[in-house]
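Student: Sequences listed follow chains A and B, in order. Residue 58 in UniProt numbering is what sits at position 58 of the first sequence, and the numbering runs on without skipping anything. Residue 98 in UniProt numbering is what sits at position 98 of the second sequence, and the numbering runs on without skipping anything.
Any given hint might turn out to be false.
A pair holds if it fits inside one copy or across any two, identical chains being indistinguishable in the list.
[As the list claims (entries may be wrong)] The list that follows gives simulated cross-link-like pairs (lysine-lysine, DSSO-like), each with its CA atoms no further than 27 angstroms apart: (1) 106 to 24; (2) 165 to 205; (3) 24 to 165; (4) 146 to 165; (5) 73 to 165; (6) 205 to 146; (7) 205 to 24; (8) 165 to 106; (9) 205 to 106; (10) 106 to 73; (11) 146 to 106.
Worth flagging that the hints you see were computed from the coordinates, not collected in a lab.
Protein chains: 2
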Amino acid sequence: MKQPRLLLVEDDPALAELLEFRFKAENYDVRVTPDGDEALLWASEEAPDLVILDWMIEGTSGIEVCRRLRRDKATAHVPIVMLTARGAEDDMIRGLETGADDYLTKPFSPRELIARVSAIMRRIRPALAGESITVGDLTMDATAHKVTRRGSILALGPTEFRLLKFFMEHPGRVFSRGQLLDAVWGTDSDIELRTVDVHIRRLRKGIELEGAPDPVRTVRSAGYALEAV
Amino acid sequence: MKQPRLLLVEDDPALAELLEFRFKAENYDVRVTPDGDEALLWASEEAPDLVILDWMIEGTSGIEVCRRLRRDKATAHVPIVMLTARGAEDDMIRGLETGADDYLTKPFSPRELIARVSAIMRRIRPALAGESITVGDLTMDATAHKVTRRGSILALGPTEFRLLKFFMEHPGRVFSRGQLLDAVWGTDSDIELRTVDVHIRRLRKGIELEGAPDPVRTVRSAGYALEAV
DNA sequence: AGTGATCGTCACAAACTTGTCATAAATTCA
DNA sequence: TGAATTTATGACAAGTTTGTGACGATCACT
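Please model the entire structure based on the sequences and the hints provided.
Tutor: Dropping the structure here:
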């Protein structure tokens, strides 16, 4: 899955390096700059998923960067987390009013910053924050009712969607036809076991893609499983 | 304009009263309860726009309330701000991981809480904060009650307007007819599910534009969603 | 009271899904 | 190899879900 891209605007080299390291460990793609103007340039070109912005930076001030990010259409809706020195409550209020989404006062723990950034990412980009399931090259966003394979959106019927969802929630495991009927159709359904075969075929057809292998594995005399391909 | 509705779960009467007063002055509709179970009950019935939740409360604990709010479909996406005692960083991490959106440690200034709540409201319910929402080529200015698409002003009936507003506040997500009835018509409305179809058609008709695709997606056996086109 | 807009419901048409079957293909094992 | 078992596939009719036009009721405003 695509990494969320972070722009870190921080002119304390030690802190910048520490945060860069920690965020990279959390699977973020981090870009660092100490300079406000450079930050604006990069932000409008590359549209990061989130900006972490120190209030006191060289060149254009933090609040001015914040304001300009909001004014530029390309970055108007990118979440911003601001960092400032302790005790500057007025700064905080102004920051939030200028359009920042969150605010931390130094010194803060990297864990806290990471937790806050993750909370924002979860809300803004659910697909990037684990509200979607990924198995191999398949990605399912159950909320949006969308399935993607290698970037292409797949069209599945309702039953195939539920079937795939169940498989993706238990990747690699083999399920008998009876188990699949119980899980996907409901315990009280009165349906031929063989019908599962048909829906497996429909699922295979629905997720097939030029040059991509079939992730649905038939286990003879046992059932079916979804493999991470 | 409708006031944003806040649910404040706080068992310190002095703090609760202070916050209630301050938020009312900021034009929020505030409901206060010291009890976790009562909070859950009210939240699932009335679906507040945001929940402020003290970690240490009587009855069900704060984190448990948070978890249950997330689990209940009706409240799964309501933002939560948690309050806790100073120095409990682990609590903070757990809170944010459980699904809270923001976190403050006591003592905090009411101004700070208000600023943070406003920042969240601005992001997730722009319409309530007096800003305009944009989804794809659609723009809605809820205050002026105007919708534009690629520059043209659209004429929508009241219900279609509310329906579109709800969709635009949750772009991409699929909602069942029942959910749409609850959200747009009100929880206590006693209306045929199929009536939603009719209003979806009226909405589609209202926003259709020469050469522009239909952003309303039908998800068979699930409901409807608004796509960013 | 009169006008026009909006609302909820219905009935029917259109579009799509679904479960089953018959048959073909694949696999197992003696 | 050949028979037996198991799975894959195409077709189809029944069933379900959604789209649409029409209609009377209601409401706001004149």
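Student: Next, verify each hint and record whether it holds.
Tutor: The hints, checked one at a time:
no.	hint	in the structure
1	106 to 24	within (21 angstroms within a copy, 31 angstroms between copies)
2	165 to 205	within (16 angstroms within a copy, 33 angstroms between copies)
3	24 to 165	within (25 angstroms within a copy, 37 angstroms between copies)
4	146 to 165	both (11 angstroms within a copy, 22 angstroms between copies)
5	73 to 165	both (20 angstroms within a copy, 18 angstroms between copies)
6	205 to 146	both (16 angstroms within a copy, 25 angstroms between copies)
7	205 to 24	neither (38 angstroms within a copy, 47 angstroms between copies)
8	165 to 106	neither (36 angstroms within a copy, 39 angstroms between copies)
9	205 to 106	neither (52 angstroms within a copy, 53 angstroms between copies)
10	106 to 73	neither (30 angstroms within a copy, 37 angstroms between copies)
11	146 to 106	neither (41 angstroms within a copy, 42 angstroms between copies)
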